[in-house]
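**Q** Put chain P on the given structure of chain F with help from the hints.
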Amino acid sequence: MVETRPLERRGDPNVAVLLSWFLPGAGHLYLGLFVPGLCLFFGLEGLYALGWWLADGRTFEYLDPELQSPFATLLTPEAGNLGAMLAHLKLSGFGASEPLPFAQHAVLGYLCSALSGTLNLLACAHAHVAARARKPAGPQHPLVPLLAAWAFPGLGHWVQGRRLRGVLVCVLLLGLFALGTWLAAGTNLSRERHFYYWSGQFLLGLPALGAEFLWGDVRMTAEVPHVDVGLLYASMAGLLNVLAWLDVFGVAERRYFEARPGEAAATGTVSP
Amino acid sequence: MKLAEHIGFFLLLALVIVTLSAFYSEPEDGPALRSLPRRYGVFVGACALVAAVMLVLARLFVSVA
Numbered sequence: 003m004v005e006t007r008p009l010e011r012r013g014d015p016n017v018a019v020l021l022s023w024f025l026p027g028a029g030h031l032y033l034g035l036f037v038p039g040l041c042l043f044f045g046l047e048g049l050y051a052l053g054w055w056l057a058d059g060r061t062f063e064y065l066d067p068e069l070q071s072p073f074a075t076l077l078t079p080e081a082g083n084l085g086a087m088l089a090h091l092k093l094s095g096f097g098a099s100e101p102l103p104f105a106q107h108a109v110l111g112y113l114c115s116a117l118s119g120t121l122n123l124l125a126c127a128h129a130h131v132a133a134r135a136r137k138p139a140g141p142q143h144p145l146v147p148l149l150a151a152w153a154f155p156g157l158g159h160w161v162q163g164r165r166l167r168g169v170l171v172c173v174l175l176l177g178l179f180a181l182g183t184w185l186a187a188g189t190n191l192s193r194e195r196h197f198y199y200w201s202g203q204f205l206l207g208l209p210a211l212g213a214e215f216l217w218g219d220v221r222m223t224a225e226v227p228h229v230d231v232g233l234l235y236a237s238m239a240g241l242l243n244v245l246a247w248l249d250v251f252g253v254a255e256r257r258y259f260e261a262r263p264g265e266a267a268a269t270g271t272v273s274p
Numbered sequence: 038m039k040l041a042e043h044i045g046f047f048l049l050l051a052l053v054i055v056t057l058s059a060f061y062s063e064p065e066d067g068p069a070l071r072s073l074p075r076r077y078g079v080f081v082g083a084c085a086l087v088a089a090v091m092l093v094l095a096r097l098f099v100s101v102a
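If you read the sequences in order, they're chains F and P. The first sequence lines up with residues 3 to 274 when you count with my numbering. The second sequence lines up with residues 38 to 102 when you count with my numbering.
Bound conformation, chain F alone (with noise of 0.2 Å):
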């Protein structure tokens, strides 16, 4: 992390992540940014809400009933929007106790739940930053090549100009989930049948959202010989792709602020 002047700052950039973990754009009403922090507000709440109601409330139902506990949870995408997670297991818990069928939209209601948490991830590291900078500072804000990254595996890279490293993560990335999908014969696209490899291969971004919508629904007719390492491989996809996010948002935040005048200079740089 790149180390900044307590007196360029708006404010204490931990506070920042915490209040905009628990509720979008707290964070960034408390850095005195009322705009955007309304706007993320408003934004991943709604996107939130709209994906419990398609879904009924019923998305932790997915849960193996002996999984099913508060901290089980915690390992969701929805828990990047920590507050919004815990009023929806206040507020509809693990489902009914007894077989109901699933709301006719329920899977793009848990897409939409798993994407707020997700983008307020993004949102929060943008308070972090935000929080460290009174005025812009590079050309590039970090969140530019970090949402690149979300977005499709190695882009950040690319967006960055580091395009050989971009290319081979996208076709380690890509590939790997490619091979896991095949291996699985499609059966890690569903929440439903796998709730936490599907946690994991969510973190691939589109491509893992777009193979799901085209090919999620497969009806299973034969055992699946290797599904085992299927699943492994589509979830370790989208596991290392947070390291290539890490990779970006290291690179991206030292040029973002190496870039004002004298302040590199007068405060000294840590490499992430």
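Read the hints as simulated data drawn from the structure, not as lab findings. Because the structure is a prediction, the values reported are computed rather than measured. Glycine included, every Cβ here is placed at the ideal spot set by N, Cα and C. Don't take every hint at face value.
Pair ranges (Cβ atoms, derived) [what the hints assert, rightly or not]:
#1 F/Pro227 x P/Leu52: 21 to 29 Å
#2 F/Gly34 x P/Val81: 51 to 59 Å
#3 P/Ala88 x F/Phe36: 51 to 59 Å
#4 P/Leu86 x F/Lys137: 31 to 39 Å
#5 P/Gly67 x F/Ser99: 31 to 39 Å
#6 P/His43 x F/Asp66: 25 to 33 Å
#7 F/Gly48 x P/Glu65: 52 to 60 Å
#8 F/Leu102 x P/Arg75: 49 to 57 Å
#9 P/Leu70 x F/Asp230: 30 to 38 Å
#10 P/Val81 x F/Arg165: 26 to 34 Å
Residues of chain F clear of chain P, computed beta-carbon distances all greater than 12 Å [as the list claims (entries may be wrong)]:
#11 Tyr32
#12 Phe44
#13 Pro72
#14 Leu110
#15 Ser192
#16 His228
Listing some non-contacts, in silico: residues in chain F with all C-beta distances to chain P over 10 Å [what the hints assert, rightly or not]:
#17 Thr75
#18 Lys92
#19 Gln106
#20 Val161
#21 Arg164
#22 Val171
#23 Ala239
**A** Chain P in isolation, oriented as in the chain F frame:
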């Protein structure tokens, strides 16, 4: 599933893990790529060691034969 298949699946996944971790650790592409063979060898060797210890322990203490 055959042992060779297991090992093949593991070696492939290990390659992706090691490559991503090398890129995360090294800011420059050149040193990251040059360090891959050493990192891959250490990773696979360490995993083989853990597997060997687990097999020995399983054979000594939890064998049902």
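**Q** Take the hints in turn and mark each one as holding or not.
**A** Do the hints match the structure? See the list:
1. F/Pro227 x P/Leu52: 21 to 29 Å: holds, 22 Å
2. F/Gly34 x P/Val81: 51 to 59 Å: holds, 52 Å
3. P/Ala88 x F/Phe36: 51 to 59 Å: holds, 57 Å
4. P/Leu86 x F/Lys137: 31 to 39 Å: With Cβ atoms ~53 Å apart, the hint is violated.
5. P/Gly67 x F/Ser99: 31 to 39 Å: This hint is violated: roughly 59 Å between Cβ atoms.
6. P/His43 x F/Asp66: 25 to 33 Å: holds, 26 Å
7. F/Gly48 x P/Glu65: 52 to 60 Å: violated, 43 Å
8. F/Leu102 x P/Arg75: 49 to 57 Å: Since the Cβ atoms of F/Leu102 and P/Arg75 sit about 56 Å apart, the hinted range of 49 to 57 Å holds.
9. P/Leu70 x F/Asp230: 30 to 38 Å: holds, 31 Å
10. P/Val81 x F/Arg165: 26 to 34 Å: holds, 29 Å
11. Tyr32: holds, 31 Å
12. Phe44: At roughly 35 Å from the nearest Cβ of chain P, F/Phe44 sits farther out than 12 Å, so the non-interface label holds.
13. Pro72: holds, 31 Å
14. Leu110: About 31 Å separates F/Leu110 from the closest Cβ of chain P, which puts it past 12 Å; holds.
15. Ser192: holds, 22 Å
16. His228: violated, 7 Å
17. Thr75: holds, 27 Å
18. Lys92: Holds, since 38 Å exceeds 10 Å.
19. Gln106: holds, 37 Å
20. Val161: For F/Val161, whose nearest Cβ neighbour in chain P is about 16 Å away, the distance exceeds 10 Å, so it holds.
21. Arg164: violated, 7 Å
22. Val171: Incorrect as stated: the minimum Cβ-Cβ distance to chain P is 7 Å, not above 10 Å.
23. Ala239: violated, 8 Å
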